[in-house]
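Each chain is listed here by its residues.
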Amino acid sequence: MIGPQDLGGRSGFGPVRAEPDEPIFHSDWEARVLGLTLCAGALGHWSLDESRHARECLDPGFYLRANYYDIWLTALEGLLERHGEVSARERALGQALQAGKAQAQRLQAEAVAGVLARGGPVDRPPPAPPRFDIGTRVVMARFHGSGHTRLPSYAMGREGIIEAVRGCHVLPDKNAHGEGEGPAWLYSVVFTGEALWGARAETGTEVSLDAFEPYLTRA
Amino acid sequence: MHDHAHDNEMSSQEARVRALETILVEKGLVEPAAIDAIIETYAEKVGPQNGARVVARAWLDESFAQALREDATEAIASLGFHGRQAEHMVALWNGAGTHNLVVCTLCSCYPWAVLGLPPVWYKSPPYRARAVSEPRAVLRDFGVALPEDTRIRVWDSTAEIRYLVIPERPAGTDGLDEDALAALVTRESMIGTGLALPPGESP
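Going down the list, the protein sequences come from chains A and B.
Under the working numbering, read the first sequence as residues 1 to 219, first letter to last.
Under the working numbering, read the second sequence as residues 1001 to 1203, first letter to last.
Bound conformation, chain A alone (with noise of 0.2 Å):
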């Protein structure tokens, strides 16, 4: 979906500006927010990509202003709402009105060590061999709708070429809405800054992208 996480090329936004020494966190409810997404993770109910569509379909205003930990948490509220875990009105009461679902699952805090040093790798078999070589010319696909999708809208459409072979991962599109991992063959594809961005494009600069397979046509 082309939502308020797509942010790739708009203007408005103003200059970056980089806090000096900035905290790892800069209050304690952000710390919080951290610790209970992970944890919440672990229950097992959504994966990495399911997450990330629910912070995309937050309201866009929201979005584009929040504190990202305020992203984080009201889209976790959101998930464990949606999974039957945790109710608005519960939320309301601030207390629990019943049991949890996935108490099975609970990340106990002795093995939070070993689940952050073994992340997820999100590598799979291959279901065939990768369609294109490194040095095709490619052209973006263009999606539109509400689904989740990794192909950020600048370059939708664009013509670039494939620089690299990155393996064969899940498939966000489809992951993220309970479909299965749909594992795809992802590659870095390369665009010149004209092909993204037409003649205004600053001089030799040039972006790179993973994209998956089902994202390119040959051009």
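Among the hints, a few may not be true.
Stated by the list, open to error - Residues of chain A clear of chain B, computed beta-carbon distances all greater than 10 Å:
# : residue
1 : C57
2 : P130
3 : A141
4 : G147
5 : E202
Unchecked claim - Now the in silico label distances, taken between C-beta atoms and shown as ranges:
#  : chain 1 : residue 1 : chain 2 : residue 2 : range
6  : A       : A219      : B       : G1095     : 49 to 57 Å
7  : B       : A1180     : A       : R17       : 42 to 50 Å
8  : B       : K1045     : A       : A164      : 27 to 35 Å
9  : B       : E1201     : A       : G61       : 38 to 46 Å
10 : B       : D1174     : A       : Q105      : 15 to 23 Å
11 : A       : G182      : B       : D1174     : 36 to 44 Å
12 : A       : H83       : B       : E1178     : 13 to 21 Å
13 : A       : R17       : B       : E1201     : 20 to 28 Å
14 : B       : E1178     : A       : G147      : 44 to 52 Å
15 : A       : G178      : B       : S1063     : 40 to 48 Å
16 : A       : I24       : B       : G1097     : 33 to 41 Å
17 : B       : E1201     : A       : P125      : 42 to 50 Å
Please keep in mind that the hints were generated in silico from the structure rather than gathered at the bench.
Glycine included, every Cβ here is placed at the ideal spot set by N, Cα and C.
Since the structure of chain A is already known, use the hints to place chain B on it.
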């Protein structure tokens, strides 16, 4: 961090987070000590010092640099840095007239195991919007002026590949050991919004 003494001074986010944690703990779904352990990991153990170690090693040890080119995930893991948000790593080498810059235009993808949690600017609209379309102007926002004939290659982290920029080794650093070199490697230099520091400056 701020500690508010009274509940009526809580921000709405603080109140919502507190409520959500309370409910999840009551339901047996979350262990507060697990939250503490996650926070401690990213506040104290995992941060850009990890990536700086990778860069310094790559500058000093050609066989490590070669391993990093061939399989960055393995090479980085060999230094003890692996896991969440670094499952599939690629190293990008600055030099030979090319400067690399990493962004995630679609969310906040960032190589946690080597750089820790991303700074606010990395997750915010100005950087995510402009890094792809006007990277030279973004670099100027960071006070970085590159020669006009230096090519800029932007990497948009649209999938699960995570990128680590290997900045150019500064002049005048012959003879420095790994610790001294690592101290010159800033977080920004590993994202591409900065350069490694000249010797004598510390981050």
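Hints, verified against the model:
1. C57: 13 Å, holds
2. P130: For A/P130, whose nearest Cβ neighbour in chain B is about 15 Å away, the distance exceeds 10 Å, so it holds.
3. A141: A/A141 is indeed farther than 10 Å from all Cβ atoms of chain B, at 13 Å.
4. G147: The claim stands: A/G147 keeps its Cβ more than 10 Å from every Cβ of chain B (closest is about 14 Å).
5. E202: 5 Å, violated
6. A/A219 <-> B/G1095: 49 to 57 Å: About 31 Å separates the Cβ atoms of A/A219 and B/G1095, which means 49 to 57 Å is violated.
7. B/A1180 <-> A/R17: 42 to 50 Å: 31 Å, violated
8. B/K1045 <-> A/A164: 27 to 35 Å: Cβ of B/K1045 to Cβ of A/A164: about 31 Å, so the range 27 to 35 Å holds.
9. B/E1201 <-> A/G61: 38 to 46 Å: Hint holds: Cβ distance 42 Å, inside 38 to 46 Å.
10. B/D1174 <-> A/Q105: 15 to 23 Å: Cβ of B/D1174 to Cβ of A/Q105: about 53 Å, so the range 15 to 23 Å is violated.
11. A/G182 <-> B/D1174: 36 to 44 Å: 51 Å, violated
12. A/H83 <-> B/E1178: 13 to 21 Å: 47 Å, violated
13. A/R17 <-> B/E1201: 20 to 28 Å: 23 Å, holds
14. B/E1178 <-> A/G147: 44 to 52 Å: 47 Å, holds
15. A/G178 <-> B/S1063: 40 to 48 Å: At roughly 45 Å between Cβ atoms, B/S1063 and A/G178 fall inside 40 to 48 Å, so the hint holds.
16. A/I24 <-> B/G1097: 33 to 41 Å: Since A/I24 and B/G1097 have Cβ atoms about 35 Å apart, the given range 33 to 41 Å holds.
17. B/E1201 <-> A/P125: 42 to 50 Å: Hint holds: Cβ distance 48 Å, inside 42 to 50 Å.
Violated hints, in rising order: 5, 6, 7, 10, 11, 12; the structure is consistent with all others.
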